[in-house]
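Asks: For reference, the chains in residue letters:
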Amino acid sequence: MTALSRRRLLGWTGAGAALAGVSAATGFAVASAGDAPASAGVVPFRGEHQAGIVTPAQDRLHFVALDVTTGDRERLRALLQKWTAAAERMTAGAETAPGGAVNLNPQAPPADTGEALGLPASSLTLTFGVGASLFEKDGVDRFGLAAQRPPRLAELPTFTGDQIDAALSGGDLCIQACADDPQVAVHAVRNLVRMGFGTTAVRWSQLGFGRTSSTSTAQATPRNLFGFKDGTNNLKAEDPAALDQQLWVQPGDGPAWLDHGSYVVARRIRMHIEIWDRTSLAEQERIIGRTKGEGAPLGATAEFDEADFAATAADGTPRIPKDAHIRLASAQSLGGTRILRRGYNFVDGSDGQGHLNAGLFFLAFMRDPHAQFVPMQRALAKSDVLMEYIEHTGSAVFACPAGLAEGAYWGQRLLEP
Amino acid sequence: MSRRARTGIATAALATATLAGCTSTAPAAGPGDAAGGKPISVRAADDACEVSATEAQAGKITFTVNNTGNKVTEFYLFGTGDRIMGEVENVGPGLTRQLIVEVPDGGTYTTACKPGMVGDGIRAPFTVTGTAARSVDANTKLAEATSGYQRYVTSQIEALVPKTQEFVDAVKRQDVEGAKGLFPVSRTYWERIEPVAESFGDIDPKIDGRENDERDPGVGFTGYHRLEKDLWVDGLQPDSPAIADQLMADIKNLQSRVSAVPLTPVQLANGAKELLDEVATGKVTGEEDRYSHTDLWDFKANVEGSQAAVAALRPVVDDKEPTLGPTLDERFAAVYTLLEGYRAGDGFVLYTQLTPDDTRRMTEAVDALGEPVSQVAGVVTS
Chain A
455 MTALSRRRLL
465 GWTGAGAALA
475 GVSAATGFAV
485 ASAGDAPASA
495 GVVPFRGEHQ
505 AGIVTPAQDR
515 LHFVALDVTT
525 GDRERLRALL
535 QKWTAAAERM
545 TAGAETAPGG
555 AVNLNPQAPP
565 ADTGEALGLP
575 ASSLTLTFGV
585 GASLFEKDGV
595 DRFGLAAQRP
605 PRLAELPTFT
615 GDQIDAALSG
625 GDLCIQACAD
635 DPQVAVHAVR
645 NLVRMGFGTT
655 AVRWSQLGFG
665 RTSSTSTAQA
675 TPRNLFGFKD
685 GTNNLKAEDP
695 AALDQQLWVQ
705 PGDGPAWLDH
715 GSYVVARRIR
725 MHIEIWDRTS
735 LAEQERIIGR
745 TKGEGAPLGA
755 TAEFDEADFA
765 ATAADGTPRI
775 PKDAHIRLAS
785 AQSLGGTRIL
795 RRGYNFVDGS
805 DGQGHLNAGL
815 FFLAFMRDPH
825 AQFVPMQRAL
835 AKSDVLMEYI
845 EHTGSAVFAC
855 PAGLAEGAYW
865 GQRLLEP
Chain B
14 MSRRARTGIA
24 TAALATATLA
34 GCTSTAPAAG
44 PGDAAGGKPI
54 SVRAADDACE
64 VSATEAQAGK
74 ITFTVNNTGN
84 KVTEFYLFGT
94 GDRIMGEVEN
104 VGPGLTRQLI
114 VEVPDGGTYT
124 TACKPGMVGD
134 GIRAPFTVTG
144 TAARSVDANT
154 KLAEATSGYQ
164 RYVTSQIEAL
174 VPKTQEFVDA
184 VKRQDVEGAK
194 GLFPVSRTYW
204 ERIEPVAESF
214 GDIDPKIDGR
224 ENDERDPGVG
234 FTGYHRLEKD
244 LWVDGLQPDS
254 PAIADQLMAD
264 IKNLQSRVSA
274 VPLTPVQLAN
284 GAKELLDEVA
294 TGKVTGEEDR
304 YSHTDLWDFK
314 ANVEGSQAAV
324 AALRPVVDDK
334 EPTLGPTLDE
344 RFAAVYTLLE
354 GYRAGDGFVL
364 YTQLTPDDTR
374 RMTEAVDALG
384 EPVSQVAGVV
394 TS
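So the sequences go chain by chain: A and B.
According to my numbering, the first sequence is numbered sequentially starting from 455.
According to my numbering, the second sequence is numbered sequentially starting from 14.
If we strip away everything but chain B, and leave its shape as in the complex, we get (with noise of 0.2 Å):
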């Protein structure tokens, strides 16, 4: 949660591209959906993603998602930049989803399995011919990445539902140990798009507050960190379910109400930034997750969604200022490569087992990032 006065997304009313239904990522296989080409099945395994073809004409694309493995999966199409055009994500062992995506135009893009929901995923180009019928204006570009977004930050909130009722089980049935480890990957979901959550004035403060936040009489400490403190420092509270589903049914509010949030570029854009912002000063420093010291999560976490942010802007800006696009691929992956050093597992070492330099050496990633972020705003705009 950042200290930033909330320049509410949901209370922005300068929304210049309302998004109605986000049909793109579908829950689950229904019957026609595939409203395009035959649907590609990707066979989603361990160690392999199998894709049945490598091509398909421009316009609506399915693929089915079956997981085959014995880890939960992700599966992405990616375009230039890793710009996501579709994903699903959280597919566990056995299951089969649904993915719709949008691709107006052809060219080279690339297949994604994330078995373990980690790493760059195993990879295959993908090539989409022909163009479908579309304007191609600058607004319409605008348009497409608010709604690519979107799609992005509703695939987020179906990933971390499930993910935190997983860590509320958890901490139901005094699964200490269970719980700790879940803790930091429901978050990852939530820091994803933590700046849309924050539009949400009422909600975020329940969820992701701090013990020291101010808070209005009566209100009480609540959220991912309250039961973060009970986990590690405290042990489990005779209130630590209702603390749980109260996390819970706050999430479940967030997800009945982010769908309808009108989002703008600047928006979008101001958004990929304050991300940074919150690696900058919550998550180089320690200070986000204090009692579990599991911050590396939170930092990639909020990288993530930053470039995932900046690449439904990706069109716009190639457009309008060609060198952008290059440099900000190149810090984003400087600052995944800096982040690999400190892997541990599927996870990340402790922030407590960082040394100074190497959060100098994070500050300076970031910091590096950052500028050229902070220029997508006044591109889109320009």
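With the rest of the complex left out, here is chain A (with noise of 0.2 Å):
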């Protein structure tokens, strides 16, 4: 950058920053965090709720977004009551068909592809969601659901700084898979991308090996490839009436199909960790605006305290930086506005510049991604100084339907209403 590097902004004092009705976003209530499972445990597989959103997240990702190549809305059905058989008997910790893997015909390519035989479930959950292009691409109603695509189920504006690569964005369909066991997701994601062959095909797809987020208040906060706690405000398994308020699609909201789903925000962020990494320990924390270590919020003792915006330092400016990162993305900043936040690091090889390509694979749940995503981006991208260090890459938005009940299958409400 040049004159105007945000980096010089840094420390910039502004004028009194007013931030009254600064509300108590930290305070979540411990409840029972009993249906955290176990490491090597099964995720009930069908709810009132998808597995994968507040399940407690796992530290393994393979997400994939996938564009259907059929104009036939009965073809599509098939797949997706083919898909979700698998889906659940994988989850569940089996192959995707009884003996798939060793025990059919030698002579025939075995339905599963065996990389996870002997693998526990690894408390595998499979996600499922659908994106604008579904309903209609380039002016087509493709299967007669134009009408159905809800309103909030649009493409994202192009925030300042983007590089956005069409190749890693948008897609008809997503799968997030997540397991404790990076193999158990790789083999759910590959054997349903298998069987899509003819009816879908994979437009992206990314791995992450490092969850940087917590669901739960029984999880600890992660770290991201900056080193530093990351989402300690998100909302929690354990706040339902937060969730309601930000994560659930509520009836009347849209279209009845996707009542108590959600929208996920998939954001590829490239970190160019190598000039982070020169970057001296106090400014990166007037960066986040939290203490490395602790992951306190400047000017407090312990991570989960309290941010004091108001506060300030000796010299007058303010103990959090005005274009710190914690400071724009909070709910205080925003409106009231919460995410639930579920990324992942990733490291995909290396960039051929001698750098590694690596980065915060940003994945978010919401009740609205135009209401909660859109606006903390935008602040974000015009003023956050972690925006010199990072490049949003690839970007996209799925509408993940609630959670099925015995006997149906991956969008079953949209498809047959």
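Please note that a few of the clues may not be correct.
Far from chain A by the CB rule (all over 10 Å, computed), these chain B residues [claimed, not checked]: (1) Asn79; (2) Asp133; (3) Asp243; (4) Pro254; (5) Leu352; (6) Asp359; (7) Leu363.
Taking CB as the label site, the calculated pair distances span [claimed, not checked]: (8) A:Gly803 / B:Glu300: 16 to 24 Å; (9) B:Thr372 / A:Glu728: 31 to 39 Å; (10) A:Ala835 / B:Leu351: 34 to 42 Å; (11) A:Pro563 / B:Arg228: 31 to 39 Å; (12) A:Ala736 / B:Val362: 56 to 64 Å; (13) B:Val246 / A:Leu735: 52 to 60 Å; (14) B:Arg56 / A:Gly553: 50 to 58 Å; (15) B:Ala273 / A:Ala862: 28 to 36 Å; (16) A:Leu573 / B:Thr372: 29 to 37 Å; (17) B:Arg270 / A:Gly553: 38 to 46 Å; (18) A:Asp802 / B:Val362: 31 to 39 Å; (19) A:Gly681 / B:Glu300: 38 to 46 Å; (20) B:Ala273 / A:Pro552: 57 to 65 Å; (21) B:Arg270 / A:Pro563: 24 to 32 Å.
Quick caveat, the hints were computed from the structure, so don't treat them as lab data.
Where a beta carbon is used, it is the ideal one built from N, C-alpha and C, also for glycine.
Using the supplied hints, reconstruct the complex from the two chains, each of which is provided in its own coordinate frame.
Replies: Now the structure itself:
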């Protein structure tokens, strides 16, 4: 950047920060966290909401966005039924089909690819979503679904600094596979992709090797590749009132098929970690607004202490800089808006320029991406000093329907209203 | 040439259907060939395909194909799913060739002439009445499948030999442009039956090896791709004529050995799958024809060869898994439709003219086809 480098603006003292109405965003009641699955456990596939959203964030991710290559609604429906059956089996730790890996006709390719044989269910969750392009693409109502597109399921605007690669963005469908074991997550995606050949094709996919968010108070806050605790103030499973207000789509929000579902925003964020690593500890902490060790808001002592955005240092500057990440992303700055972050660290090899191709695969679930994510990202893209060290290279929004009742399949309420 | 271990068709001891004489595709008209009804004459022009009868009795049916046009032509009798009941390839202008086809079942078939040897051809329905005496249990159908495919292999070799000769002759008379034009055409016949040809582990590396293949000491880089490199990159070399002669000798060696290859239904099915694997790993990537960039010719030929093997097995597939056949038909058709979008004259655009979006679409279509084709081996052995 040039003279207007955001880094130079660091510590810039503006007018008094008018931050009235700082709400108690951090005080969650530690509710029953007994539903956290054991590390090799089985997360129920069916329920009121899809698993993989408020499920305590597993450590590993394989996320895939797919395009539907058929124009035949019936064929799409058949695939979704087939996917659901296989997904339910895999989340229970089973092969895609009974005996699928090695016990069927030896002259035929195995029905299950086999790399998860002998591995436990590993808390595998498979979360399904649909993108706006499923409803309408290039002005074509592909499956007679255009009228069913929720108005809030729309492409995100371009934000300042975006370097979005179309090949890493969008998609008609998504499947988020999370598990304690990366092999289990990859196995699930690979087998579902295989079943889809001829009906769907992979548009892009992303591996995440470590979670960067907690979705339950029972979990410790993990760190992102900048070395900081991330998502301390996340929405969490133990706060059902906040979830209804901020996470789950409510009846009346849009078409009924999405009631009790949620939206997921996916952003592939490349981090220039080599540059970040040359930044002093003090500057790193000012950029984030927290201490690196404990994760406490600047001026406080413990991670979950409430951030005091009004506090000033001895020289009169705000204790938490005006452009600090946690200030810009706080509910207080954003009219009470919160999201459920469920992102993952990634390193996709190297970039051919001597740097690691590393970053954060940002995933966040919310009730309305345009009322929640968009204002937040606008504020960050405009002022966040952190933007100096990152660039958004992929972007997508999907609507994830509610959980499935016994016998129901992914997308059934959309396809059979 | 594929890098896979040669699960040699030639070395497979499991042959359940050894094929003796492959008499259906006769190279030239001869007395006494028409064992069934009277021969049906076919006047194959550049823009017409006049078949003297539209109906015949089940059993041996003889077609006498006369090319009255100016383009090299082919004549086919197709069953359901474009299963090739019989064909004659490479019928030059003015020539007459005979095709004897075994058609045991009555039903609706399709005749087709392919002037210029491209496209779907000029087609017409053809009715076969009655049923020839035979037992129709599954083993018989499997044996018919392998013998039918063997006829296909034979027909391709019969076209491969003269087309390669034309290519070789052009190289030897230093006709670089002529040889460049013939290179992808002669390879078509090779690529259609590549898994069978590859089963001869000693011949395949000589005919279709790549420059960077590991070779035994003293063995040089020969065959199609050596001549390809000479023609497109290095210019013809002092030993190019010798390389060309060697290619011809190797092809003839293949011809002399291929008819004795016993094939099993599983080998047919796996061959169909391997041809698509070849497309996915060698053609969509531009790896095969890295100097000429004529990969789409090979792409099409691989798919055609795969379809021929699947079509030979089709009656068994239809008996055991009725939903698979229509899926195969649709996915093969989708690949051909996609490829037709890259036509340039009688051939195709060069690989270097393709965008990443083009190759992505091709990969998607081949993936969509590869999955059902990979099911065929399991179905025919179930």
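Asks: Each of the hints needs a verdict: does it hold here or not?
Replies: So, going through the hints one by one against the coordinates:
1. Asn79: holds (42 Å)
2. Asp133: Label holds. Min Cβ-Cβ 22 Å, cutoff 10 Å.
3. Asp243: holds (34 Å)
4. Pro254: holds (44 Å)
5. Leu352: holds (16 Å)
6. Asp359: Given a closest Cβ separation of 30 Å, the condition holds.
7. Leu363: holds (24 Å)
8. A:Gly803 / B:Glu300: 16 to 24 Å: Holds - the Cβ-Cβ distance for Gly803 (chain A) and Glu300 (chain B), about 22 Å, lies within 16 to 24 Å.
9. B:Thr372 / A:Glu728: 31 to 39 Å: For Thr372 (chain B) and Glu728 (chain A) the Cβ distance comes to about 33 Å; the hint holds.
10. A:Ala835 / B:Leu351: 34 to 42 Å: Since Ala835 (chain A) and Leu351 (chain B) have Cβ atoms about 40 Å apart, the given range 34 to 42 Å holds.
11. A:Pro563 / B:Arg228: 31 to 39 Å: holds (32 Å)
12. A:Ala736 / B:Val362: 56 to 64 Å: holds (59 Å)
13. B:Val246 / A:Leu735: 52 to 60 Å: holds (57 Å)
14. B:Arg56 / A:Gly553: 50 to 58 Å: holds (57 Å)
15. B:Ala273 / A:Ala862: 28 to 36 Å: violated (58 Å)
16. A:Leu573 / B:Thr372: 29 to 37 Å: holds (35 Å)
17. B:Arg270 / A:Gly553: 38 to 46 Å: Given about 41 Å between the Cβ atoms, the range holds.
18. A:Asp802 / B:Val362: 31 to 39 Å: Cβ of Asp802 (chain A) to Cβ of Val362 (chain B): about 32 Å, so the range 31 to 39 Å holds.
19. A:Gly681 / B:Glu300: 38 to 46 Å: Hint holds: Cβ distance 43 Å, inside 38 to 46 Å.
20. B:Ala273 / A:Pro552: 57 to 65 Å: Since Ala273 (chain B) and Pro552 (chain A) have Cβ atoms about 43 Å apart, the given range 57 to 65 Å is violated.
21. B:Arg270 / A:Pro563: 24 to 32 Å: Between Arg270 (chain B) and Pro563 (chain A), where Cβ atoms are some 30 Å apart, the hint holds.
In this structure, the hints that do not hold are numbers 15, 20, in rising order.
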